[in-house]
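Colleague: Given the sequences, and given the hints that come with them, work out the whole structure.
Number of protein chains: 2
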Amino acid sequence: MLSIENAVQTLKEKNIRLTPQRHELINILSKGNKHWTVEELYQLLNESMPSVSITTVYNNINLFCELGLVKEIQFGEALSKYEWKKEDHYHIVCSECGEMVDVWYPALKEVEVFAQSISKFDISSHNLQFYGTCSNCEQK
Amino acid sequence: MLSIENAVQTLKEKNIRLTPQRHELINILSKGNKHWTVEELYQLLNESMPSVSITTVYNNINLFCELGLVKEIQFGEALSKYEWKKEDHYHIVCSECGEMVDVWYPALKEVEVFAQSISKFDISSHNLQFYGTCSNCEQK
DNA sequence: GTCTCTGCAAACCGTTTGCAACGCA
DNA sequence: TGCGTTGCAAACGGTTTGCAGAGAC
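Chains as they are written, first to last, in our numbering: chain Y, 330 to 469; chain U, 330 to 469.
Hints should not be assumed to be uniformly reliable.
No distinction is drawn between identical chains; accordingly, a pair holds when it is met within one copy or between any pair of copies.
[What the hints assert, rightly or not] In the SDA-like style, the derived pairs of lysine to any residue whose C-alpha atoms are separated by at most 25 Å in a straight line are:
| hint | residue 1 | residue 2 |
| --- | --- | --- |
| 1 | Lys360 | Ile383 |
| 2 | Lys438 | Leu392 |
| 3 | Lys363 | Phe404 |
| 4 | Lys438 | Ser424 |
| 5 | Lys360 | Lys449 |
| 6 | Lys343 | Met330 |
| 7 | Lys469 | Ile452 |
| 8 | Lys400 | Asn456 |
| 9 | Lys415 | Tyr460 |
| 10 | Lys449 | Glu353 |
| 11 | Lys438 | Gln338 |
| 12 | Lys415 | Asn456 |
| 13 | Lys415 | Glu467 |
| 14 | Lys363 | Ser424 |
| 15 | Lys363 | Met330 |
Source of the hints: derived by calculation from the structure; they are not laboratory data.
Modeller: Pasting the structure below:
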């Protein structure tokens with residue numbers, strides 16, 4: 330799990346300013362080990378910085394993705410979610426409410442090798458998602 | 330692979346009219362064993378029916394998905410692609426041009442079982458995509 | 001003081017909706 | 001002939017862009 334200090338260091342090295350908005354966004358993202366939409370981050374950020382704009386959230390979440398501080402998780406028709414950078418893993422998503430949890434399972438390298446062997450593609454990565462119903466939605 | 334006759338039969342059973350637009354769209358989709366975006370289907374349809382509107386393509390591709398004649402393939406930030414209904418399989422997509430091919434690999438049921446065992450989710454399905462570079466883009 | 005960053009407003013673009021005219025059954 | 005369908009235009013909604021003023025360093 331990436332530390333706040335490392336993230337701040339990365340910004341400094343690239344001469345990217347540590348604005349209050351960026352600092353607070355890093356604070357939110359690096360705690361909680363969760364998955365947020367842009368809108369959710371905007372709401373959370375607004376609690377401590379009421380004047381922040383959603384443009385700034387977009388600007389910085391994209392910047393953080395480019396810097397490798399944050400990973401974008403894209404899922405079917407749902408809005409992208411973002412998580413603080415950690416080791417590669419898969420995700421389970423609730424089809425009802427969008428709730429998302431991590432799955433730590435060994436990377437399916439042998440399936441990648443198979444896909445490469447039967448295609449004319451040079452395979453570089455793969456993505457695996459699970460769909461289901463979370464316990465909260467199950468009860469309803 | 331679903332036949333045109335079966336598709337037409339499904340429409341009849343549900344009292345859905347077989348308009349020329351629908352017939353031609355089924356013709357395009359059921360041949361070629363490819364993956365198309367809405368825009369691509371619209372272009373192809375326009376070759377034989379110049380007056381067709383993109384609204385009609387949206388209406389019918391969504392209808393066909395609901396009827397199970399067509400499967401929507403959603404991929405990260407890319408536009409959805411659609412394929413004629415066939416047995417479940419995975420996809421490889423070219424990160425450069427979006428070119429897509431099928432991968433017939435046994436469903437990863439044991440990974441689903443694992444995901445279920447370590448989460449509080451009732452897992453119903455999963456999705457696996459491979460990313461890479463197709464031979465065309467490799468040469469460039 | 002400089003130059004990046006913020007935040008507002010407008011643009012963007014794929015998709016959906018409303019609706020009047022059309023045409024399949 | 002009736003009602004489902006088409007196709008136009010407008011609306012929609014998440015995201016990006018342009019830009020003038022603010023502010024980090």
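Colleague: Mind listing which of the numbered hints don't hold for this structure, in increasing order?
Modeller: 2, 10, 11 and 13
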